[in-house]
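Novice: The primary structure of each chain is shown beneath.
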Amino acid sequence: DVKVTQSSRYLVKRTGEKVFLECVQDMDHENMFWYRQDPGLGLRLIYFSYDVKMKEKGDIPEGYSVSREKKERFSLILESASTNQTSMYLCASSFSRTSGAYNEQFFGPGTRLTVL
Amino acid sequence: GQQLNQSPQSMFIQEGEDVSMNCTSSSIFNTWLWYKQEPGEGPVLLIALYKAGELTSNGRLTAQFGITRKDSFLNISASIPSDVGIYFCAGPLSGNTGKLIFGQGTTLQVKP
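Chains as they are written, first to last, in the working numbering: chain A, -9 to 106; chain B, 5 to 116.
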């Protein structure tokens, strides 16, 4: 079974703090994704990465950056947290070159971030 | 751009009833995915469909890839309280990027 883990289930931070959200997958997946989920807005893609050190902006990258130094780990960084970044953050991964299931994304349990 | 319309938006049913939901796309898909998200958790992949007309089951869940390739259906038979959650359909964005487009979700509540 694919396992995607996220460093925290709940996080409370103050406005202006730098926040790191970590995601690790254990299935040798090439692609990794960061989403945020808000009521009424669905899942929105923040950034994704299709290879180590490669990243592409998603639909809402403003206020976020990412890092992928190792294949299994994808970090989301909030450079200066703001209250409008209070949300559920979901990491996902997909595509192992040995399995060939290119589009099947597997999600972590999510991090509920509150910015005060 | 590509859009996915999922319906119904919510359902409140009695335990034991069957459930049907569907998803329609403005463009042709070569893959349909169905996810379930329980409160406070991440989405879990239930069923993946790869061929038009394909019918795939996972326990009491059955999903179909529409023949037009622009729609998909998910049925749950004999619902139980643990079926509660949000069900999302998803399909790949054009361009083979690995990115998905998601439906808005169907919220299912089951009354014991």
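Source of the hints: derived by calculation from the structure; they are not laboratory data. Every value quoted in this text rests on a predicted model; they were computed, and no experiment measured them. Just to be clear, a hint being listed does not mean it is correct.
[What the hints assert, rightly or not] As a list, the in silico DSSO-like pairs of lysine-lysine whose alpha-carbon atoms are at most 30 Å apart:
#1 B/Lys103 <-> A/Lys45
#2 B/Lys74 <-> A/Lys8
#3 A/Lys47 <-> B/Lys115
#4 A/Lys8 <-> B/Lys103
Novice: State for each hint whether it applies.
Specialist: Now the hints, each set against the structure:
1. Under the criterion of a C-alpha separation no larger than 30 Å, the hint pairing B/Lys103 with A/Lys45 is consistent with the structure, at around 13 Å.
2. The straight-line distance between the Cα atoms of B/Lys74 and A/Lys8 is roughly 43 Å, outside the 30 Å bound, and the hint therefore fails.
3. For the hint pairing A/Lys47 with B/Lys115, the CA-to-CA distance comes to about 42 Å; that exceeds 30 Å, so the pair is violated.
4. The hinted pair formed by A/Lys8 and B/Lys103 meets the criterion: a straight-line CA distance of about 27 Å does not exceed 30 Å.
In the structure shown, a violation is registered for the earlier hints numbered 2 and 3, in ascending order.
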